[in-house]
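*Asks:* Here are the chains, one letter per residue:
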Amino acid sequence: ETGVTQTPRHLVMGMTNKKSLKCEQHLGHNAMYWYKQSAKKPLELMFVYNFKEQTENNSVPSRFSPECPNSSHLFLHLHTLQPEDSALYLCASSQDPRGGATDTQYFGPGTRLTVL
Amino acid sequence: QQQVKQSPQSLIVQKGGISIINCAYENTAFDYFPWYQQFPGKGPALLIAIRPDVSEKKEGRFTISFNKSAKQFSLHIMDSQPGDSATYFCAASMQNTGNQFYFGTGTSLTVIP
Chain A
-3 ETGVTQTPRH
7 LVMGMTNKKS
17 LKCEQHLGHN
27 AMYWYKQSAK
37 KPLELMFVYN
47 FKEQTENNSV
57 PSRFSPECPN
67 SSHLFLHLHT
77 LQPEDSALYL
87 CASSQDPRGG
97 ATDTQYFGPG
107 TRLTVL
Chain B
29 QQQVKQSPQS
39 LIVQKGGISI
49 INCAYENTAF
59 DYFPWYQQFP
69 GKGPALLIAI
79 RPDVSEKKEG
89 RFTISFNKSA
99 KQFSLHIMDS
109 QPGDSATYFC
119 AASMQNTGNQ
129 FYFGTGTSLT
139 VIP
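In the order they appear, the protein sequences are chains A and B. Start counting the first sequence at -3; every next residue gets the next number (the working numbering). Start counting the second sequence at 29; every next residue gets the next number (the working numbering).
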């Protein structure tokens, strides 16, 4: 596998379910991100991890819980979601910009989430 | 408040024509402006990027024009091809203040054969 992979690609869940999204990057990067992509809206940055430490949390509801066990893996744990949380969830990675490296973010294909 | 405003929302161009997508920003501290291309079922991929010390950057058929005084930048796709049909996002960031990128709302481009 190369680049950034995400599983599952599609997920349908009820409002009372608990599920997790997984992201893995094979690029040797140190920063990883979760974004939410909704139709006709800008990409919304949810969480940022640099060197496994969370550095950004853009006022995301607590029903979304990130986990970054190492610099290659990122999870998004979901529980008691609402129908308006249905969207494409994208994972991305980059070199740590604080180190003066490239700003390019490499995105995975996303997980299409539907909350019933 | 939306940091980066993108237009148009959708665009239909004949094969061989020029596609133009525009973005505007307010924060003069932005110093990096990438464009991303997204095909259905895929994540966005970096297409081309510019820094404000130049007014134009060209890579193949893709050109970014940057107007610092107007706080605007645009993507031009020359000789548009059906394979260019995708959604295009502009973005802006400040390099040394963390990992925050501000994205536009996207432009859905359709190139008709």
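These are computed hints drawn from the structure, not numbers from a lab. Do not rely on the hints blindly, as some may be mistaken.
Unchecked claim - Here are the simulated lysine-lysine pairs, DSS-like style, with alpha carbons at most 30 Å apart:
#, chain 1, residue 1, chain 2, residue 2
1, A, K37, B, K70
2, A, K48, A, K18
3, A, K18, B, K96
4, A, K15, B, K70
5, B, K70, B, K43
6, A, K36, A, K18
7, B, K70, B, K85
8, B, K43, A, K37
9, A, K15, B, K85
10, A, K15, B, K43
11, B, K85, B, K96
12, A, K37, A, K48
13, B, K86, B, K96
14, B, K43, A, K48
15, A, K14, B, K70
16, B, K99, B, K33
17, B, K85, A, K37
*Asks:* Each of the hints needs a verdict: does it hold here or not?
*Replies:* How the hints compare with the structure:
no.	hint	verdict
1	K37(A) - K70(B)	holds (17 Å)
2	K48(A) - K18(A)	holds (15 Å)
3	K18(A) - K96(B)	violated (40 Å)
4	K15(A) - K70(B)	holds (22 Å)
5	K70(B) - K43(B)	holds (23 Å)
6	K36(A) - K18(A)	holds (25 Å)
7	K70(B) - K85(B)	holds (26 Å)
8	K43(B) - K37(A)	holds (28 Å)
9	K15(A) - K85(B)	violated (44 Å)
10	K15(A) - K43(B)	violated (44 Å)
11	K85(B) - K96(B)	holds (14 Å)
12	K37(A) - K48(A)	holds (28 Å)
13	K86(B) - K96(B)	holds (17 Å)
14	K43(B) - K48(A)	violated (46 Å)
15	K14(A) - K70(B)	holds (25 Å)
16	K99(B) - K33(B)	holds (11 Å)
17	K85(B) - K37(A)	holds (27 Å)
Going through the hint list in order, the structure does not satisfy hints 3, 9, 10, 14.
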